[in-house]
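Trainee: Sequence:
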Amino acid sequence: MKNLFQKTLFDHKKGLVFWILGILASDLIITSFFPTVKEMPELMNQYAESFPEEISVWFGDLSSIGTPEGFLNVELFSFIFPFAFITYAITVGTNIIAGEEKNKTIDILISNPIKRSTLIIQKFLAMATLITIFCFIAWIGFVLVIPIMKVNLFNLAQMCINLALIAIFFGSISILIGSITGKTGISTGLSGGLAFITFLINGLAKLSSDFESIKYISPFFYYSDSNALFNGINIIHFLILISSIVLIIYLSIYFYKDRDLGL
53 MKNLFQKTLF DHKKGLVFWI LGILASDLII TSFFPTVKEM PELMNQYAES
103 FPEEISVWFG DLSSIGTPEG FLNVELFSFI FPFAFITYAI TVGTNIIAGE
153 EKNKTIDILI SNPIKRSTLI IQKFLAMATL ITIFCFIAWI GFVLVIPIMK
203 VNLFNLAQMC INLALIAIFF GSISILIGSI TGKTGISTGL SGGLAFITFL
253 INGLAKLSSD FESIKYISPF FYYSDSNALF NGINIIHFLI LISSIVLIIY
303 LSIYFYKDRD LGL
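Positions in the sequence shown are counted from 1; adding 52 to them yields the working numbering.
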């Protein structure tokens, strides 16, 4: 049997290409508007001030939209990119575990001399690799438009690492739910719902002190709070996300290793 890691990469290579093309198109189209935005600082300030705080907390600091970092943060890294990459991660995470049961291919996998723990680990590593490639290509896309943006490439790389981490986090959640239920619909729905709810929690914490104490349960807090485009990665937040991912995969192995797969 072909190495599971390699097989999973091969099975998802076509889908990755289409996602990459979409992201590169987004890079090009959205960043092409920056020179115009930069030349209209007063209009952009009025635009930022016109937005109610209840909306702006979820879309970055609008007052900085006239800077390269602020523009990218508002237009891409606050909402569009996180949910695009999370959607991709959840799709892959669901397909590689629950999808195998739905398609009746799991019996072929486990009929080979391979531990279920190894199956989970190799498939997780393949998913993480796909997401990392995806983020790296997105970064390359920005490198190509740097003459327009003049943004700090090192900080941009750190922002893309943050992006990869939060995508891997929710992809791991979909692996966990798939490992417990074996149902693609449940895995996709719960993972996506959790992403949306925790995104809302992170924004609400900025609006009201009543939510301040619960912001730490949102992975979006660890993704966005350090403003990596401006300040680089917060190493503590980075380690918290990494540790959370490791715990999620451990739980996936725990629930999957003895579950009746209904073969």
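Source of the hints: derived by calculation from the structure; they are not laboratory data. Any given hint could be a false lead.
Stated by the list, open to error - Pairs of lysine-lysine, DSBU-like flavour, derived with a Cα cap of 30 Å:
(1) Lys156 x Lys59
(2) Lys167 x Lys154
(3) Lys202 x Lys59
(4) Lys65 x Lys267
(5) Lys167 x Lys65
(6) Lys90 x Lys167
(7) Lys235 x Lys66
Treat the numbers as computed from the prediction; the structure is a model and nothing was measured.
Trainee: Confirm or reject each hint.
Mentor: Results for each hint:
| no. | hint | verdict |
| --- | --- | --- |
| 1 | Lys156 x Lys59 | holds, 17 Å |
| 2 | Lys167 x Lys154 | holds, 20 Å |
| 3 | Lys202 x Lys59 | violated, 39 Å |
| 4 | Lys65 x Lys267 | violated, 36 Å |
| 5 | Lys167 x Lys65 | holds, 25 Å |
| 6 | Lys90 x Lys167 | violated, 56 Å |
| 7 | Lys235 x Lys66 | holds, 24 Å |
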